[in-house]
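If you read the sequences in order, they're chains L and F. Residue 141 in the numbering used here sits at position 141 of the first sequence, and the numbers go up by one each step. Residue 492 in the numbering used here sits at position 133 of the second sequence, and the numbers go up by one each step.
Honestly, the hints are just simulated from the structure, not real lab data. Do not rely on the hints blindly, as some may be mistaken.
[As the list claims (entries may be wrong)] Here's a subset of chain L near chain F, in silico, CB distances under 8 Å, partners left out:
no., residue
1, Lys3
2, His34
3, Glu102
4, Asn106
5, Gln237
6, Glu240
7, Ser273
[Unchecked claim] Cross-link-like lysine-lysine pairs, in silico, DSS-like; alpha carbons within 27 Å at most:
no., chain 1, residue 1, chain 2, residue 2
8, L, Lys205, F, Lys594
9, L, Lys3, F, Lys396
10, L, Lys313, F, Lys396
11, L, Lys37, F, Lys678
12, L, Lys18, L, Lys37
13, L, Lys235, F, Lys643
14, F, Lys643, F, Lys678
15, F, Lys513, F, Lys457
16, F, Lys667, F, Lys678
17, L, Lys319, L, Lys3
18, F, Lys362, L, Lys98
19, L, Lys313, F, Lys594
20, L, Lys3, L, Lys98
21, F, Lys564, L, Lys98
22, L, Lys291, L, Lys314
23, L, Lys274, L, Lys314
24, L, Lys274, L, Lys285
25, F, Lys441, L, Lys211
26, F, Lys594, L, Lys329
27, L, Lys293, L, Lys313
28, F, Lys688, F, Lys673
29, F, Lys468, F, Lys690
30, L, Lys37, F, Lys673
31, F, Lys652, F, Lys483
32, F, Lys688, L, Lys37
33, F, Lys688, L, Lys235
34, L, Lys331, F, Lys594
35, F, Lys362, L, Lys37
[Stated by the list, open to error] Pulled from the structure, derived: some chain L residues nowhere near chain F, Cβ distances all over 10 Å:
no., residue
36, Pro10
37, Arg95
38, Asp121
39, Lys124
40, Ile153
Note that the Cβ used here is the ideal one computed from N, Cα and C, for glycine as well.
Protein chains: 2
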Amino acid sequence: MDKVFFTPGPTQLYPEVKTFINQALDDNILSLNHRSKEFIEIFSSTCDSLRRLLNIPSDFHIFFLSSATECMDRIIQNVVDKNSFHFVNGAFAERFYKTAVELNKNAVKAEVNYGEGFKFDEIKINNDPELIAFTQNETSTGVALNADDIYRIKEQFPDSIVAVDIVTSAPFVNLDYIKIDSAFFSVQKGFGMPAGLGVLIVNDKCIEKAKSLNERNISIGSYHNFLALHENALKFQNTETPNVLGIYLLGKVCDALIGKGIENIRKETEAKSKLIYDFLDEHKKLKPFVKDKTIRSHTIINIEAGDKQAEIKKQLAGKGILVGSGYGKFKDTQIRIANFPMHTIDDVRRIIEVLSDYK
Amino acid sequence: MDKVFFTPGPTQLYPEVKTFINQALDDNILSLNHRSKEFIEIFSSTCDSLRRLLNIPSDFHIFFLSSATECMDRIIQNVVDKNSFHFVNGAFAERFYKTAVELNKNAVKAEVNYGEGFKFDEIKINNDPELIAFTQNETSTGVALNADDIYRIKEQFPDSIVAVDIVTSAPFVNLDYIKIDSAFFSVQKGFGMPAGLGVLIVNDKCIEKAKSLNERNISIGSYHNFLALHENALKFQNTETPNVLGIYLLGKVCDALIGKGIENIRKETEAKSKLIYDFLDEHKKLKPFVKDKTIRSHTIINIEAGDKQAEIKKQLAGKGILVGSGYGKFKDTQIRIANFPMHTIDDVRRIIEVLSDYK
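Please work from the sequences and hints to get the whole structure.
Here it is in structure tokens:
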């Protein structure tokens, strides 16, 4: 039986990934020197495709790291001397905050319960933060922040660098990059690729900040500091031998998504999430974890399933549908369903059919 | 025409890699959750295979990072508070040294010219180094240090942590791990795999050192600090979603190498390098860059080709054989030939045949 992975990631591969990988093998892409003309063309073409797909302005730089977790690490290291501020409403926002703590920064957080958003007007940011960190789509809870709220904070703190975790919302989320300074994601989520590549998007303000820290002899790290990444990215290269296959596949998947039309993909994603949320809102026992409809993620849907969780997961698995468990303390009571471009509306209907049996 | 990559890395893929990748795709390995039982089995099995292949003692820990360059970064960050000492005889040893400088350590180096080894008896190590760093096989020059020299330094400085770069000598190099503290490599060299995975091997002394730095509030980094890596490795996991395909493939390639017998592979490697060096020693114009026969690398062979370099490379390429250029200032005058397990003795003979035309 064919399996379909609706897990938050790693997840179902984008349908053409197998073909793309075999093309890479046949074309000897994986044996290419990482300073060669051929590799530079791949790097450059992937950047072009990603810019087109996500509408990334030309004055933003694209860096290839190894994971979104590394992106957090490098952002803190390169733009924070002393103070950062973090909006924390789940495990991944907490990871970003903890990264700052572990790197000995004065990190302050505004924290709300899992499943909730923020009352932005009531939150005081008064530690003069060099960085304000948002987790736009919290993979642990299924809460999505509205981009407008993020832009408003940036307007209030124009001197701070605003970095946005879009790990499980890209490529669905439609960000206006000029209203933020940095965003990052990993590819084993909405791009349906093998894990092992993190993508970090930064503007010149981030590079300038790294430069200024470096000039003041504050360590910004070594091979993956922003100055080294930037210097190499200008030549369409990495400092180290990067995940060449990942960079190649990302370009191919972006091209496939462009072919389908990002607007179509966004509409389809909303249609699929509406099917699930509408069903859950009517359901007597299964409930969406996120009560506030204005902050429900379209791409990560957390369902409160209580003591039926294991049974439902098993039932779905019996039909070849693999879904995620809840995160942390919700591990045994919640189900998480990813809703990415490679998940079809027919498969979503099959999930709902199974869930309908629980009355 | 089929191509054979004799480049130092990325290089020719191990013959079964294509089959292994397609097996991973068919078995949905790339969609597995990185905390799942199935993933844990893959991680654990890869560690077992690597331990068997390289004879790594059970009290050494295996960490999966993203590149050898990251390994350098993390070693410095986790075992050096103030002082490190570096044996520098090429670009990669210099990279290790520079990493320490960039992380604001007091790094001291003993430096010799490219193509040379060290007169170990004459070198004074007197900065009380917490780390002594060796590049056992210098990929830029084709110089291989003898393991016994490394062990002797460790005997003289038992309190220092000795870390050994075996990026282009693994799995050929036969190290006695209990006589050092750490070694690392990346997989796109002697293992013939796609790039994007670095393997770091450390003993408890390294973990203890990281713990002591951490307790003294000296930053050891965040998600890839040794304590987090160690805690997760004990559960056969990474802190982040790692390069799952890389970890899976490494296990499969190790099993294949074990099947061939590591002793056979080592003998075959020596036989192939002997063919090339013997030929070069007799040749009137083409010369081995490394004059001292006792420190010639078996796995990276640098040839001085002078003004014939471009022509020879082209000639070889015409027969489907891709070799590397020299490194840095030797870019246009040297040829680098990798001699890894997937390179056959017949292909080596084909290289020699082409080189024989240059009289």
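*Hints the structure violates: just list their numbers, smallest first.*
Numbers 4, 5, 7, 8, 13, 18, 20, 36, 37 - these are the hints that the structure violates, sorted from lowest upward.
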